[in-house]
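All chains, please: the whole structure from these sequences, using the hints.
Residue numbers (this note's numbering), protein chains in the order written: chain U, 101 to 346; chain G, 101 to 346.
Simulated from the structure, these hints should not be mistaken for laboratory data.
Wrong hints could be hidden among the right ones.
[Claimed, not checked] Lysine-lysine pairs mimicking BS3-like chemistry, simulated, CA-CA at most 30 Å apart:
{"hint": "1", "chain 1": "G", "residue 1": "Lys226", "chain 2": "G", "residue 2": "Lys110"}
{"hint": "2", "chain 1": "G", "residue 1": "Lys110", "chain 2": "U", "residue 2": "Lys330"}
{"hint": "3", "chain 1": "G", "residue 1": "Lys307", "chain 2": "G", "residue 2": "Lys226"}
{"hint": "4", "chain 1": "U", "residue 1": "Lys330", "chain 2": "G", "residue 2": "Lys330"}
Just so you know, these numbers come straight off a predicted model, no measurement behind them.
Number of protein chains: 2
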Amino acid sequence: MTYCVAMRLKEGLVMLSDTRTNAGVDHIATFTKMHVCEVPGERVICVLSAGNLAVTQSVIQHVTEGPSTEAGQPSETLLNVPTMFRAAELVGDAIGQVFRTHGEAMKAQDVRFDVNMLVGGQIKGKPMRLFQVYSAGNFIEASEDTPYLQIGEHKYGKPILDRAAHYDTDPNDAIKLALVSMDSTIRSNLTVGPPVDLLVYRRDTFKVGLRRRIGEDDPYFRGIREQWSKALRDAYRAIPRPDWAQ
Amino acid sequence: MTYCVAMRLKEGLVMLSDTRTNAGVDHIATFTKMHVCEVPGERVICVLSAGNLAVTQSVIQHVTEGPSTEAGQPSETLLNVPTMFRAAELVGDAIGQVFRTHGEAMKAQDVRFDVNMLVGGQIKGKPMRLFQVYSAGNFIEASEDTPYLQIGEHKYGKPILDRAAHYDTDPNDAIKLALVSMDSTIRSNLTVGPPVDLLVYRRDTFKVGLRRRIGEDDPYFRGIREQWSKALRDAYRAIPRPDWAQ
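Written out as structure tokens, the structure reads:
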């Protein structure tokens, strides 16, 4: 399983993904689910992926290097798409291509064709956007009302986002929110695990603002985990018992 | 959908269920999912149910009034089973009976045979126990290590239980925990909704200690919801920003 969360805020994008993959409980590995295309000064596009690893790796291959077309023919990739909308379309098209290639054989083997991607970024002269692309290749976009999108094992980490993630949240606070949301997920679901990959992009900068791999022993992440657990326990203790109890 | 949570603690049982049922988003209704069999001074058995309403109502009918056997033949029900283990078996057997009666026709209509039940209580002279019974009629039991069980839409409300529910938690504190867990679920999932039904049973009392329907406007529940939201937001604000950010 996987957990990825992305927020499109007034001041920038914050994207976070775990790295655990599993095929059964005895086949666990670490793969990054964050893929960044950067042309400094011109574009940053970050893709987070969830689902069957063979599918997601194929899709990433298609959208970063292009499909294996005839030699010399230039491919459309995330490095040259003209808009973020076209970037989301390209990811959706690549999912469709992989489905046409492997979907039937996967079905014959009872393997679900299962893929979800978050595509966020900005291209010079265009707005910063964030999309979620589904297995069918169609997609939705984050809005000011709902600034965050999640893929994978999303439920454990949703309550704090529902309460505290707003369009005008500062990206540095959104880092905290994303890490708290990730911590809740890691704690309640074994198939989501550290290290986690973080990317922060600030609007109209056209370069990666921060990219960091955060391991289990990272002092800040460990601090968040301890403080958050303590805060939850303290908060529940601080609630008075019902006067109708006893 | 549904959310039910039950805790078997050193001092007693705390069981809580929502009341929302839905067949599609435009067919929403309120049904209790809590069914209590009490023989004061002798036994209390409480069943919480999740899944297809036709199935769960049939199962409850079977275990409270007995199957429609020949007139005069006494039925085995939750009111006369000799042990809690037998109570869980009886619920499992009833699920099997309903499956044999309706399973095939439901499958023909593409309706999932989907049922999960929590069965908790105590019978005079026997230990207090809590079981979760699955669609197949098999079941597991809560332990001192894992004192709580959940059915239905369980993920949103799990993080606080993972952190704060212990075998030696006082039942009055467990009421708070259960309501916080329920609130997180209600807030993040529209198919789980108030009012909620609460039962508290204190070990070796053989009578219902507290049974209460708690509506959206219940001042205590509203207080919990507000305090909990505020506490989460405050806790996240209190976490310092990472010194590597910016």
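Status of each hint after checking the structure:
The straight-line distance between the Cα atoms of G:Lys226 and G:Lys110 is roughly 15 Å, inside the 30 Å bound, and the hint therefore holds. Between G:Lys110 and U:Lys330, the direct Cα distance comes to roughly 23 Å. Compliance with the 30 Å bound is thereby established for this hinted pair. The suggested pairing of G:Lys307 with G:Lys226 holds, with an alpha-carbon distance near 14 Å, which does not exceed 30 Å. Proposed proximity of U:Lys330 and G:Lys330 is supported: the alpha carbons are some 15 Å apart, at most 30 Å.
This entry satisfies every hint, going by the numbered hints stated previously.
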